[in-house]
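2 protein chains.
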Amino acid sequence: MSKLRTFAAVLIAVALSAWNAAAIAQTDPLPSWNDGKSKQAILDFVAKVTREGGPDFVKPAERVATFDNDGTLWAEQPVYFQLLFAFDEVKRMVAEKPALKSNEPYRSVLARDLKALAAGGNKGLMQVMALTHSGMATDAFNASVDKWLTSARHPTKQRPYTEMVYQPQLELLTYLRANGFKTFIVSGGGVEFMRVFAEKAYGIPPEQVVGSSGVVKFRLDAGGKPELFKESKIEFVDDGPGKPVGINRFIGRRPILAFGNSDGDLQMLQYTTGGSGPRLALIVHHTDAEREWAYDRTSHIGKLDKALDEGKAKGWTIVDMKADWKTVFPAGR
Amino acid sequence: MSKLRTFAAVLIAVALSAWNAAAIAQTDPLPSWNDGKSKQAILDFVAKVTREGGPDFVKPAERVATFDNDGTLWAEQPVYFQLLFAFDEVKRMVAEKPALKSNEPYRSVLARDLKALAAGGNKGLMQVMALTHSGMATDAFNASVDKWLTSARHPTKQRPYTEMVYQPQLELLTYLRANGFKTFIVSGGGVEFMRVFAEKAYGIPPEQVVGSSGVVKFRLDAGGKPELFKESKIEFVDDGPGKPVGINRFIGRRPILAFGNSDGDLQMLQYTTGGSGPRLALIVHHTDAEREWAYDRTSHIGKLDKALDEGKAKGWTIVDMKADWKTVFPAGR
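Read top to bottom, the protein sequences are chains A and B. The first sequence runs contiguously to residue 333 in the numbering used here. The second sequence runs contiguously to residue 333 in the numbering used here.
Next up, chain A with everything else stripped away, as it sits in the complex:
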């Protein structure tokens, strides 16, 4: 029996040493990030909040990381993809109800005449959103989004939208989760729209997606089956000052890491860094006209102006897409 014990001890020692060697020789967790200040800031932050006994240690339950979606986890040009979904839905719906065809704003949408659509102010856009995002059960809406995602292609990049996500961010999400973080989306986009793909695309389950929403009503359908019916009234806009409000409402805990890309993320970044203890605020700066797009202070989509100034003044990590990202999009499948 004592011989067996000795052998057991040897076996355990061998196993442990192999384990340690593996840990030391571990591969780069962020291979699509170029070495530099941004990558280092992430690695340093994760190291210090996970170092047990260290002065900056944060319990796993409090390792909340929030990410904007449009322009932070996936692209947002030439316009938010949810709007492109709405335009495609108008086309599909007009095929079913040809009477809509000659009515504005649908006529402009079908003609891809965004100028005419915009000329009507927000009203035309709201009508398009109401037509395509309400008047149906949540299950039916989710099925439409799912169908669109599997068939539609981005107008200039010709990729499925689920491949318009950023490879470096996928690695970051995985790296954070491997270090005990819970990762959330906090986006101005529609919460139900995002939930259809967030789990498959980012590994973020529906209950960790915070977004804008319309009023939903519980009712029994014609057959007496309970369903949730989407109404056209807007209920919550998860943008700007709405983001910390949404974080409070849905998550109930202040993030220690937040990642955005536009002025709509400013208050989320302020709220995150306003807590005590270690905090990391990051901004994607779209500087890469060749591989993606280059835009900031004057862009209609993803305008980054005030948050860029405040971020620079406060030492937030400004991620320069062109310099910091080795690759932008994942390899096509």
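Keep in mind the hints are simulated off the structure, nothing from the lab. Take these hints with a grain of salt, some might be off.
For identical chains, the list gives no copy identity; a pair is met inside one copy or between any two copies.
Subject to a maximum C-alpha distance of 27 Å in a straight line, what follows is the list of computed DSSO-like cross-link-like pairs (lysine-lysine) [stated by the list, open to error]:
(1) K59 to K225
(2) K91 to K182
(3) K322 to K312
(4) K59 to K182
(5) K217 to K233
Since the structure of chain A is already known, use the hints to place chain B on it.
Chain B only, in chain A's frame:
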């Protein structure tokens, strides 16, 4: 080396056999539940949804279980505990601002004259809730709740409120989580109130608590620090038809198991059982006047009438507290 291999094989075989023996002799996961139909329904349901390859297998990501709080996870008599918190807060606030003392509805609250308070209809109650639940930052409110929970005692049971939770339900929550379920609270109670104790009391983190809420505004305090300020306007009532709406908004996935105790849970139970595949709906029936309270169809608090009829008709599991629970409250500390 071959000798070492032989010993390793022996060690592994020994370890595996010990493991299997432990699994077979595993202790009852629900020791505070008496053997009977209710307990068996739970055990059978969990067994079938976790049996890989079985016809009723449910992926862990979809094992969503939702629990009402008041009357389901902790007691709710003589009135909802959040209201008792509000009454105690009035007392504390009056000590700070004596001018409030002679004003209604505060005078009635201080005199514990619930009849006079109720005579004013909802208005008096809303004023009490507004005084104690708004006009402050979320952090300050959370601190008040936390302080109250550590000092206040239930008026008749003389226990701290955090020990007014149900021992059988604590075991059920643990058992579900051990079987890959994600457990959520879906309650008419205030979401911020519940989040203060849900993690410690039930092991449910803030982001898995769905409840009623008031409007919250993001702002910078006098020193320029970001804070969330609680306003008195009600924003969302997570009760009755609001429960499936809240589930859709916060969780984004239909539960496969839901547990309630009153007519306010009816729509949550309908929505849960309305999905395809295996579903389990449970109702706590308060039948134990000796150890807890006995009430149902005519109670002002936790009225159980329509849901009891529908539950019986549809074969939902009606948990008879007196018969099904070996113990009600956890042993005092």
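If the cut is 27 Å between Cα atoms, do K59 and K182 qualify within a copy, between copies, both or neither? Both, since 12 Å and 20 Å are each at most 27 Å.
With identical chains treated as interchangeable, where does the CA-CA distance between K217 and K233 reach 27 Å or less: within a copy, between copies, both, or neither? both (11 Å within a copy, 21 Å between copies)
First find the shortest C-alpha distance between K322 and K312 inside one copy, then the shortest across copies, and answer within, between, both or neither for a cut-off of 27 Å. This pair counts as within: shortest intra-copy Cα distance 18 Å, inter-copy 64 Å.
Within, between, both or neither: K59, K225 at alpha-carbon 27 Å: between (43 Å within a copy, 24 Å between copies)
Intra- versus inter-subunit Cα pairing at 27 Å for K91 with K182: neither (39 Å within a copy, 39 Å between copies)
Of the hints listed earlier, the one the structure fails to meet is number 2.
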